[in-house]
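All chains, please: the whole structure from these sequences, using the hints.
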Amino acid sequence: EPEVTQTPSHQVTQMGQEVILRCVPISNHLYFYWYRQILGQKVEFLVSFYNNEISEKSEIFDDQFSVERPDGSNFTLKIRSTKLEDSAMYFCASKGQGGNEQFFGPGTRLTVL
Amino acid sequence: AQSVTQPDIHITVSEGASLELRCNYSYGATPYLFWYVQSPGQGLQLLLKYFSGDTLVQGIKGFEAEFKRSQSSFNLRKPSVHWSDAAEYFCAVLAGGTSYGKLTFGQGTILTVHP
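These protein sequences, in sequence, are chains A and B. Counting in the working numbering, the first sequence tops out at residue 716, every number present. Counting in the working numbering, the second sequence tops out at residue 169, every number present.
None of these hints come from the bench; they were simulated from the model. Using N, Cα and C, we set each Cβ at its ideal position, and we do this for glycine too. Just to be clear, a hint being listed does not mean it is correct.
Unchecked claim - In the DSS-like style, the derived pairs of lysine-lysine whose C-alpha atoms are separated by at most 27 Å in a straight line are:
hint, chain 1, residue 1, chain 2, residue 2
1, A, K660, B, K103
2, B, K115, A, K645
3, B, K122, A, K681
4, A, K645, A, K681
5, B, K122, A, K645
6, B, K103, B, K115
7, B, K122, B, K103
8, A, K660, A, K681
9, A, K686, A, K660
Stated by the list, open to error - Reference listing, derived: stretches of chain B covered by chain A, where coverage requires no fewer than 3 residues with Cβ under 8 Å from a Cβ of chain A:
hint, stretch
10, 109-123
11, 156-164
Unchecked claim - Covered stretches of chain A, as calculated for chain B (at least 3 residues, CB under 8 Å):
hint, stretch
12, 675-686
13, 702-710
As structure tokens, this is what we get:
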């Protein structure tokens, strides 16, 4: 069964460093998402991406964040200068054309020291 | 803007007992509703979804949920809980009408199952 994959599973970085979180969505899906979950809090929407551009973004998704689909398979989230409060689990999701179900990856746990 | 409330942060049940996890949503139109489960260290797995039609929906692992428009609720139920059901459960609503709509999640309910 096709699934969304994410790498790495755990990333530790120093404050101020850039990180790139990688996702491989399900191959025929067209809509891509990033969510995050700070420890003990709810899962929050960050950004949606369709047709090579951002469709919607939350207030969390400021200029420090960017997304890219560099090739036909990967979908990345970049944080330019990490802050302590960026420590969270980051989930990638994808959705096919005409469907409403988003399929989630296993997440990347980002720890900013 | 849509919102989801899960009133119970933590629920403990005995194995074999019935379970009901509460979810209330706020959304102006007919919502698309979902229940996801997250086991420790795992991602979010879809249990079931409601888009339209029959208000009682069946999902995986023996779970079901009932959509009640009058109460703005979408409670998750299981008649007999298994120890492997211990996990965190999230209710979510999708803003209808947008193909790329975002999910809004509730706070989550942690389920503990006693033997």
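Which of the numbered hints are not met once you compare them with the structure shown?
-> Numbers 3, 10 and 12 - these are the hints that the structure violates, sorted from lowest upward.
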